[in-house]
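J.: Protein sequences appear in the order of chains E, D, H and S. Using this note's numbering, the final residue of the first sequence is 337, and nothing's skipped along the way. Using this note's numbering, the final residue of the second sequence is 266, and nothing's skipped along the way. Using this note's numbering, the final residue of the third sequence is 373, and nothing's skipped along the way. Using this note's numbering, the final residue of the fourth sequence is 341, and nothing's skipped along the way.
Hints were generated in silico from the structure; no laboratory data involved. All residues carry an ideal CB built from backbone N, CA and C; glycine is no exception. Fair warning: there could be bad hints in the mix.
What the hints assert, rightly or not - Below are the DSSO-like pairs computed for lysine-lysine, each with C-alpha atoms no more than 27 Å apart in a straight line:
#, chain 1, residue 1, chain 2, residue 2
1, H, K227, E, K282
2, H, K227, E, K200
3, S, K214, D, K158
4, S, K240, D, K101
5, S, K164, D, K137
6, S, K241, D, K137
7, D, K137, S, K217
Unchecked claim - Chain E regions said to be covered by chain S (calculated; three or more residues, Cβ under 8 Å):
#, segment
8, 57-63
9, 114-121
10, 126-133
11, 245-255
12, 288-299
13, 302-315
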Amino acid sequence: MKSAFQVNKILLFIIVAALAVFPFVSDSRTWTILLTQIFIFSILAMSYDILLGYTGIVSFGHAMFFGMGAYATAIMLDRFEPTVGIFVLSIVVGMCIAGIISFLVGLLTLRLKSHFFAMLTMAVSGLFLVLAEKWRTLTFGNDGFTFRAPDFFKDRMMYYLLVLGCLVLVYLFLRRFVDSPLGRVLIAVRENEQRTKSLGFQTLHYKVIASVVAGVIASLAGSLYAVSLRFVNTSVLTMDITLDALLMTIIGGVGTLIGPIIGAGVIELAQHYLSGLAKEHPIFERWIIFFGIVYILAVIFFPRGIVGTVKHLFWKRKNPIKLAIAPKRKGLAK
Amino acid sequence: MSILLKVDNVHTYIGQYHILQGVSFEAKAGEVSVLLGRNGAGKTTTLKTIMGLTPATSGKITFDNKSIEKNPTYDIATGGIGYVPEDQGIFGALTVEENLKVAMRKEDDAALARQEYVLELFPDLKKYWKKDGGHLSGGQKQMLSMARAFVNESKLLLIDEPSKGLAPVVIEKVMEAINEMKKQTTIILVEQNFIMASKIGDTYTLIDDGETVQSGLMRELIDNEELKRKYLGIG
Amino acid sequence: MEPILRTENLTIKFGGQTAVDNVNFAVPEKHFKSIIGPNGAGKTTFFNLISGELKPTNGDVFFRGESLAGKSSVSRTRKGLGRSFQITNVFPNLTVIENVRLAVQSKEKIRYQFFRHFTSYKDLQIQAEKLLEIVLLSSKANAFATQLSHGEKRKLEIAMLLALDTDVLLLDEPTAGMSLEEVPAILDVIKQIKQTGERTILLIEHKMDMIMDLSDSIMVLFNGRLLADGTPQDIMNNETVQHAYLGGLYDEHLA
Amino acid sequence: MELLINLLINGLATGMLIFLLAAGLTLIFGLMDVLNFAHGGLFAWGAFSGVWFYGLTNSFTLAILGAILTGVVLGFITEKLIIKPVYGNHVQQILITLGFMIVLSEMLKVVFGPNQLAAKTPPLLAGSWEIGDVIIIKYRLFIIIIGFIVFGIFQFILKRTKIGLVVRAGVMNKEMVQALGINIKKVFLYVFMAGAALAALSGVLMAPYSGVIYAEMGMEFAILAFIVVVIGGMGSFPGSLLAAILVGLAGSFMAYYVPALSLAVNMMLMAIVLIFRPQGLFTAKG
Chain E
4 MKSAFQVNKI LLFIIVAALA VFPFVSDSRT WTILLTQIFI FSILAMSYDI LLGYTGIVSF
64 GHAMFFGMGA YATAIMLDRF EPTVGIFVLS IVVGMCIAGI ISFLVGLLTL RLKSHFFAML
124 TMAVSGLFLV LAEKWRTLTF GNDGFTFRAP DFFKDRMMYY LLVLGCLVLV YLFLRRFVDS
184 PLGRVLIAVR ENEQRTKSLG FQTLHYKVIA SVVAGVIASL AGSLYAVSLR FVNTSVLTMD
244 ITLDALLMTI IGGVGTLIGP IIGAGVIELA QHYLSGLAKE HPIFERWIIF FGIVYILAVI
304 FFPRGIVGTV KHLFWKRKNP IKLAIAPKRK GLAK
Chain D
32 MSILLKVDNV HTYIGQYHIL QGVSFEAKAG EVSVLLGRNG AGKTTTLKTI MGLTPATSGK
92 ITFDNKSIEK NPTYDIATGG IGYVPEDQGI FGALTVEENL KVAMRKEDDA ALARQEYVLE
152 LFPDLKKYWK KDGGHLSGGQ KQMLSMARAF VNESKLLLID EPSKGLAPVV IEKVMEAINE
212 MKKQTTIILV EQNFIMASKI GDTYTLIDDG ETVQSGLMRE LIDNEELKRK YLGIG
Chain H
119 MEPILRTENL TIKFGGQTAV DNVNFAVPEK HFKSIIGPNG AGKTTFFNLI SGELKPTNGD
179 VFFRGESLAG KSSVSRTRKG LGRSFQITNV FPNLTVIENV RLAVQSKEKI RYQFFRHFTS
239 YKDLQIQAEK LLEIVLLSSK ANAFATQLSH GEKRKLEIAM LLALDTDVLL LDEPTAGMSL
299 EEVPAILDVI KQIKQTGERT ILLIEHKMDM IMDLSDSIMV LFNGRLLADG TPQDIMNNET
359 VQHAYLGGLY DEHLA
Chain S
56 MELLINLLIN GLATGMLIFL LAAGLTLIFG LMDVLNFAHG GLFAWGAFSG VWFYGLTNSF
116 TLAILGAILT GVVLGFITEK LIIKPVYGNH VQQILITLGF MIVLSEMLKV VFGPNQLAAK
176 TPPLLAGSWE IGDVIIIKYR LFIIIIGFIV FGIFQFILKR TKIGLVVRAG VMNKEMVQAL
236 GINIKKVFLY VFMAGAALAA LSGVLMAPYS GVIYAEMGME FAILAFIVVV IGGMGSFPGS
296 LLAAILVGLA GSFMAYYVPA LSLAVNMMLM AIVLIFRPQG LFTAKG
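Work out the full structure, taking the sequences as your base and the hints as a guide.
T.: Right, here's the structure in full:
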């Protein structure tokens, strides 16, 4: 058991090391940019996994936290000096705003049932989108604005390394977070909220904590995203961002942390290649249809995602205990 | 007399719980068969399994010479089995009239005649014809539920604990009604109130821990103190 | 002596029906009390009122003399009222040991610690393992709860209840839905808890032999009302109880 | 005064369109316990297919019928393929219907092209009447009338017919309905198809009203419909009418007086209802 754990750790270390030296051996600009993008969305998808995979909450408003980070950084770098100091400060500001908003929204909405919660997050996030569209003096609405990134990140490679560093740190932090006693309670909430309450845990607190952590990390991803483009517009607040995070988490495997990273890789790469194909076959301009279909099929037939399925197969091989005879019935819901 | 319903070694799982672990009994046409047993023994689940609401995982259920254990609930109902559930299953926001109307599969003369008949049996229902089902008293709900099962031509009625939570006076009324209905149809009754059961029932089946323990004639059970003590906690 | 738990005019109405009707009861500390009554008598509802799952229409519950009105089920558990459920209610996709560890974690008030790995709380693990020994589930510690048989799940449920280390245990039909072979093991566990003499136990059960054997006192609910409360012997000989419990006309029938 | 009446008619017309969309949503939720996040997709399909039929036949009546037909067919497909596998599992329902929403709106772009299309008002309904100082735009009045007619028809079906009785009973107790010999799954399918038809009708009526149609309109309108369903009470048919009118009017008055708050006001309404009366203004379960 222990050794398997060690093997995992070593494997992870090798992968990270390989990724870190990658820009030094390859001079492909496209790949550096693509990988940077993947890392940023990995961070976003991991934060979504805290909600969906670990606490069992479906939020349709995750984009708003991403957007808060993106706007905080873009606006501050634009209005003040584009220095590393301001960049770091803007990340902190974005995280604070996201933390406060997710705390307030969570407190108000997390006592509601799943349907209502999903709808309400969608609505609140829609409200922020409208706010950004309307408050043109600050955001320039849908047209957006460009800004200068700190000189230090002029070199794509430096930025690549920074984002990779953030990814590793966020992963380690969230790993520890979900493996902490608090994280165990989150999983308990996902499994059976009512029972968690009767054990004496105030489940609303845990759901709010999860949504704050997820919101803050999503804001970090937003900040990194804005600087990678040196441009921001209201698209960072749209449903598409939430959908991307959702898709990556589900396809990669909910409740695994590694899954969302792999999901982000798969989807960004597929997106890259499919939109490349669009030049020859116009149908690929609508590549998102394929994702939609894959996603629907995944929800029905493949709910564990890539990582979850691999883990399950591995676990089944190691534990050939036969499951309790529990014929699954397709009865009507109560 | 011919056997109308035969339940043969039925096992039922609800989720992961093995609730019925081998229930077998027969109901003869024209008789009242009573399922007895303590709380949680599996009596209600037996009725639900017959109705297809918690389908049998294994075993056979034969009704009217056809096997029905794989059929969906609505098919079983249209095949001629009426059901009066434990919680009465009244549609609270529908009036008494509408509750009966939902149930009536064919609004022909025969059905209307049957409706007239049950309304004579339960004059209260006529009195509260336009009242919402949810506003009836417990006893009236029980009567409505039984009436509802009766407006269709059923060969068999499944009645689950009609005396539950009712005052003794009301129980008497319900018993009288069942005695009347018995003349027209076969009945399987789940009842905890042994006295009531023993008065109405022709045969009994004892269920304990999801298994049939014994079946026989009701009058034999009345004299079998040992069996009653062991499984019904009487004495 | 102040009873550890008592109710005052406890009443709840659902729609037109009164499920629990003006119940006054008290249980002294370290006492074993069983609650019996026919189906639909309001026993589980009574538990739900005590544990805070339901709010009474009228009346109140007192724990160590303190009113519990308006207190959530969470805070009641923290005060010392633990309950098991009639329908097994565990965390299906967690292992058996994790199920128990969560309960121990709650008792130890390790609620919001988030930066140390949970395995570094060695004490939790040790306590959880001990509890599994008590309920004879050690061999299944690393199985997922969903893989357990029904009886084993009930044992797990009791282990989780014990882990909370509450002064009062509310046991709602711990043997419900169990196969005959599994019952004695649960019975042993309950006997053991009783023998340690540290806890107050309220038990809803139908197996009369078991109740007679275990209880210090028995209370009878009928149609939501408290019909009788006394020693097992009293209850056995109480004619009203026989009347109500066995069907109103039993005596007449015997004659 | 004329301003007030104009705003009123405007709000009512918008409210009616939202009502048609929300009515299907609320019926489906009440009966099947399914919140269909793809409902807006059916709406957008109604709009596009309606415009297409109109271009083909030059008859607005046929366009409406064509859109309704499209809605019914799509509703059938959605229920069979998307909803049926996930009955009873809320999280999966939310996820899968949202996924289908993406597919529906992307398919629109494949079939009708990615650009927004112009939608003409049929000549008979174009223009307006002037009564004194009050200008009544014919098409808006038309929408309001259609809305009330549809409400009347559905109310009649729900209250006075057997199938309506079964639907209302099903909302309260599905198990019992089946035990009375009714195939509830068939009823589910019919209700789903009827809800989809209403959504499509709403879409086709919307097209000339806004003048342009685009694939994303489904999502935008669906959010309004969700708000209406929450305010009116999930599963309540009259509740959704009242809430839709409320939302329509609030939107139209706010757009004139405090334009910045026009969308926010609906969100606020919903937030208040959710916090203080989470079951909505009306309840359907008995």
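J.: Does each hint fit the structure? Answer for all of them.
T.: Here's how the hints hold up against the structure:
1. H:K227 - E:K282: Outside the cut-off at roughly 61 Å; violated.
2. H:K227 - E:K200: 14 Å, holds
3. S:K214 - D:K158: Satisfied, since the Cα-Cα distance of roughly 22 Å is no more than 27 Å.
4. S:K240 - D:K101: 17 Å, holds
5. S:K164 - D:K137: The given pair, whose Cα atoms are some 49 Å apart, is violated under the 27 Å limit.
6. S:K241 - D:K137: Distance ~18 Å between K241 (chain S) and K137 (chain D) Cα, so the pair holds.
7. D:K137 - S:K217: Status holds; Cα separation ~11 Å.
8. 57-63: holds (count 3)
9. 114-121: holds (count 6)
10. 126-133: holds (count 5)
11. 245-255: holds (count 3)
12. 288-299: Held - the segment 288-299 of chain E has 9 residues with a Cβ nearer than 8 Å to chain S, which meets the minimum of three.
13. 302-315: holds (count 3)
The earlier numbered hints that this structure contradicts are 1, 5.
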